[in-house]
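As they're listed, the protein sequences go chains A and B.
Using my numbering, read the first sequence as starting at 1 and increasing by one per residue.
Using my numbering, read the second sequence as starting at 1 and increasing by one per residue.
Worth flagging that the hints you see were computed from the coordinates, not collected in a lab.
Some clues are possibly wrong.
Interface residues of chain B toward chain A, partial, derived using beta-carbon atoms under 7 Å [unchecked claim]:
(1) SER27
(2) VAL29
(3) THR30
(4) ASP71
Ideal placement from N, C-alpha and C gives every residue a C-beta, glycine not left out.
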Amino acid sequence: MQIIPVPGTLDASAVDHLIRELAKNPEEKVLFDARHLRWVDPGGIIGLLAVGTVTRDRQGTPPRLQLMDGADVTTYLARMRFFEAAEAVFDLDIRHPRRSWSSSDVLLEITSISTNSDVHAVVDRVQQQAGAILSKTLSYPASAVVQFSVILSEVCQNVIEHAEAPGWVAAQSYMWTKRLGRQVLILHVADVGKGFRGSLADTHAGRFGDRWGDATALEAAFIHGLTRFPDSGRGQGIQQIRKQVRRWEGGISIRSGTARISDVPKWDDTLPMEDNLPYFPGAQIHIVLPARIPGDA
Amino acid sequence: MLEFAVDPISIDVGHLVRRNLASLYSSLVTRPTGQAVRMAIENVLSEEGGELCLSVIDLSHVTVMDFSCADEVVAKLLLRFLENDRPRNVFFVFRGVRDLHRGPMEVVLERQSLAAVCEAGSGAFHLIGAASTQEAELWGILERRRRIDPSEAARLNKKGDAREALEGLVSRRLAFRNPLTGGYHALSDLLGDRA
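This is chain B alone, in the form it adopts within the complex (with noise of 0.2 Å):
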């Protein structure tokens, strides 16, 4: 169990879609489209309580991305999030990620230098994007084990202190650093039984 507050909040971008356009498509694209889609989801987040806040943003329903959209829907609105005047200490998880959208969305990361985790329809989690080999197999060492005490991240890495790298995914917002304890928590674990 977390000691902490962590608000999770899912946002359907096939209900958006349609929802802010008026419209029944549920294709992802052109830009303007993308545009309203985030500043939805931006809305959405700024209005919910909560200081910290992990947001599920799902394509389930998303038949079609561009790499327009995928500019907008993905890479803007993590960049945004980065960004130290941030309105919100906010971590995404992006859900029902298909090939339909993989390509795109790495296209667009991979551009801005950014990555993400996404949540395949399988259930499995994925890094994707523009990561180094050390911050991947990292990465994917914490969604195995979910969380890593201190202690151990001390002595993780054979070449040494995975501290560091750890904090570099947690500044990337690919994991999250328990403000309590110091562990370290993959973004899945988060989630836990709520997703």
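Chain A extracted, bound-state conformation (with noise of 0.2 Å):
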């Protein structure tokens, strides 16, 4: 049995180290390590469900997840709703953690996204508990709820239209004392479906030629708004979200397949584009936004 330990600190970029393990020995029965851990954001954890998806689905087996019982993360994915996704993922050696109520800085437990009620049902949810946390926590305007709301909904629908597959939503906000010395709400989307190549790859991929991969499937979507859809109405989502993440200085990355592509605010030293990463099915979208700064415009 291949063990792969699970780092400590699990956010969307670390998911990485697993996917470059899980490669390492495609065949092998695996075992998720993870009772180091001791931080984890909705990268991170959807990240694990999406890894253990994936390796359930090669092996026609769940792969098993050891966590540290009674730890305060365990108690948190309790919270977050991370074991009745993992269920019908992993192979758990603890037992289900009782579930605390009271968190005001869940702004969504994770949720599986399959259908379009999946995402009227997401977005009902977080109009009830966003204001307080984009007003009061990351002090945005009122309209900020709304706003998004709208980009809740179309992050889903990206799973939907495009993925083939099911996928999970889950927001949070957090203090970025060392990174950004600021309150951030951290709103990710994740499947394991075809990936932007593999959407596009029927409509778009003969006028790239050789070029045709992960990231210029990425781009061709993230910049150009090109869409498997002949319809001209279609492919404004991602560039609308772009243009509202940016209004509130945050940033999104678009991982898929071999790439991860990401509109980088000024606070962040990601690199734009990222290419020749493990290969991992699907698309995973990531949104950081930061606190407002009083007295920003």
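Dock the two chains into a complex; use the hints.
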């Protein structure tokens, strides 16, 4: 059995470590050792579910996941409803911790997205809860609740329209003390479906010739708004999400296949395009919205 | 008074969403929802009698509108009734338009080179979407005056005859030309007291 240690801090970028390890022995049974996990964000939680799902589907049997019983992070995972989703993915050797209901910083627990009704449910739930986090925690104007709901709706629809596979969404606010010295809201949506290259290949691969790949597919959708649909009304979602995230001085990245494309805010030093990453199916959209500094326009 | 019949049809989109999707939400999100609402609007319009119709699309109760829905309920709806084989002669006014609707609406309208007449919560009418400066100015004049006679139109524009530009607004369904008098009406004028 291959034992893959889960990093102590698991965010969207640390999930690449799991993907890389998984690629070393793809046929071997896997145990994800998360006993040293201390901190995880929506990108990390959903990333873990996605990696587990790919492992399960590849091997026909759920991989094992070891967590530290009674640890704070385990309680947090319960609060984020990780275990409800993980039951179908992992062979868990931990009892379901009781879920704490008082979670003022959790905007949206792990929620499966597979139908349009799921998107409606998510948008309705967020509208009820987002006001406090967006206005009090991030100092955004009251209108931000609607704009955030639109972002959420568009990113979740991306799963349904392009992935042809289920996905997950989650959102949570954190204090990024070291990195930014500010509160941030992290929204992560991921699926393990066709990915951007797969979705766009039939309609757009030809014109790119040898250059066609995950990076060019991401550029086509992210920069140029191309979609697989001939309808000229399509392809606006990502463009408008990027605009709104920029207005809030946030960052957005999409990882798909072997590439990651990002709109990099001035406070970040991520590369705008990363290629030759370890392959992972589907698409993973990561959005970071920082709190406004008092006095900002 | 108008000397001919323009049937006003008021369509509450918030109600349509609830009625057609058997749910309590008034969030206009996801493309299938937008498609269902657009088809419901088209059905309502096809069931009503009369050659000419002014349709008031009421967004007052819509709390969220995403870009996919705006594309279906606004852009595609307008496109359908601009086509030569349109099912009916319909003019549209969007009512109860707030900033939360206006952003997505403007994006989808501009993308399709469309414009629309909107009534804000205050009761003021606005032209949004893709319109040239000349079109916007002329539409503003018509909206303030509510109607312009053909003779007046000929000397309205300092640069010359404004009739051609007014006809442009009519062909874009942003204004109405009375087939009997040839006068031009703001869509708000067609609503009259029946609004």
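We went through each hint and held it up to the structure:
1. Hint status for SER27 of chain B relative to chain A: holds, with the closest Cβ pair at about 5 Å, below 7 Å.
2. Nearest Cβ of chain A to the Cβ of VAL29 of chain B: about 4 Å, under the 7 Å cut. The hint holds.
3. Residue-level restraint check for THR30 of chain B holds (minimum Cβ-Cβ distance to chain A is 4 Å; threshold 7 Å).
4. Hint status for ASP71 of chain B: holds, given a least beta-carbon distance of 4 Å to chain A, under 7 Å.
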